[in-house]
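J.: Listed below are the residues making up each chain.
Protein chains: 2
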Amino acid sequence: MNPSPRVFLQAEPLTPDAFAPFGQVIERNGRHSHVINDGSSRRYDDLAQLEADRDGRLALSIFQATTRLSPFLLNTMERHPLGSQAFFPLQGQAFLIAVSARAPDPDHPDIGSLRAFLSNGLQGVNFRKDVWHHPLIALSDGDFLVADRLGPGNNCEEIDIARWQVGIRH
Amino acid sequence: MNPSPRVFLQAEPLTPDAFAPFGQVIERNGRHSHVINDGSSRRYDDLAQLEADRDGRLALSIFQATTRLSPFLLNTMERHPLGSQAFFPLQGQAFLIAVSARAPDPDHPDIGSLRAFLSNGLQGVNFRKDVWHHPLIALSDGDFLVADRLGPGNNCEEIDIARWQVGIRH
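Residue numbers (my numbering), protein chains in the order written: chain A, 36 to 205; chain B, 36 to 205.
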């Protein structure tokens, strides 16, 4: 049984401008495109810039996610110092994103700078390297295509924030 | 109006073994996974290995594809000498894949080595660099997430093969 949230974070709509400090929103809506393949496709180009250090490499994986309880209490923040991490929902399912700006302490997420976003299900996100974020918060059971960095070295730092008792409203 | 196919290529089921000479099949089905994120997700790890040369970088894009006419006549083969190219259907839509082994002539696709595969809609593919393949063949209107290499240099070679008059059966 989850403890009750002490404070609530209101999820914002996921827009490229609002999310810019943390990475990129991956979506067609409102973006430029050009026609390719003899007129049979439109390419919405370069929506997410993947990053990996020289010792690593980029790969695609699938996360099979189960529904998180509501109201959802943030429990962990993590960051990937060696590369970016992108998520895209494969059944058009909405999901929540929680991030923390790095200031004032670059080595810890910061409760005062937490922000939450709601993907509409046609939107993915790409977290830039070093951006503190909550592990995937699914609102329904479903799959996500993930693009991230694999290879030697520790690419995941985690901090337990359950004691902050922050819930997300959406 | 398309001319009629002179020969037909029978699409094979898309399996990792059958597709191995050309790249990777991106799917959960039949793959190993491990539990992550405090038990809330399963990770099917490293399903596609993305490749880019040192001068390039990897990015995510979306292709909005329209239905190709049936019977579909192959018109072009292309290859990307500077990196891999991955496609994953975002509405669970089936699609066709056509590839050519490089022998006997590494600089041209070869009609005798053409093979066609049918994705079941829960499967994506990643073409290894230098693999000759047909541009996206959608069987219904829908979107694909694409991971490929961007950057300087010519990363797309194309050869017109319409004169071969090869159709695909599926």
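Worth double-checking, as some hints may not be accurate.
[Said to hold, decoys possible] Residues on chain B that point at chain A, a partial pick, calculated with CB under 10 Å:
#, residue
1, Arg-77
2, Tyr-79
3, Asp-90
4, Ala-94
5, Leu-153
6, Asn-155
Since the hints were made in silico from the structure, they are not lab data. Predicted, not measured: the structure shown is a model, and the values here were computed from it. From the three backbone atoms N, C-alpha and C, an ideal C-beta is built for every residue, glycine too.
J.: So, for every hint listed, does it hold in this structure?
T.: Right, here's what the structure says about each hint:
With a least beta-carbon distance of about 4 Å to chain A, the hint placing Arg-77 of chain B at the interface is held under the 10 Å criterion. Checking Tyr-79 of chain B against chain A: minimum C-beta separation of about 4 Å stays under 10 Å; hint holds. With 10 Å as the threshold, the beta carbon of Asp-90 of chain B stays out of range of chain A, its nearest partner Cβ sitting at about 14 Å, so the hint is violated. At about 5 Å, the closest approach between the beta carbon of Ala-94 of chain B and any beta carbon in chain A falls short of 10 Å, and the interface hint on this residue holds.
Here the hint on Leu-153 of chain B is broken, as its CB sits about 18 Å from the closest CB of chain A, past 10 Å. With a least beta-carbon distance of about 13 Å to chain A, the hint placing Asn-155 of chain B at the interface is violated under the 10 Å criterion.
In summary, the structure is inconsistent with hints 3, 5 and 6 from the numbered list given earlier, while agreeing with the others.
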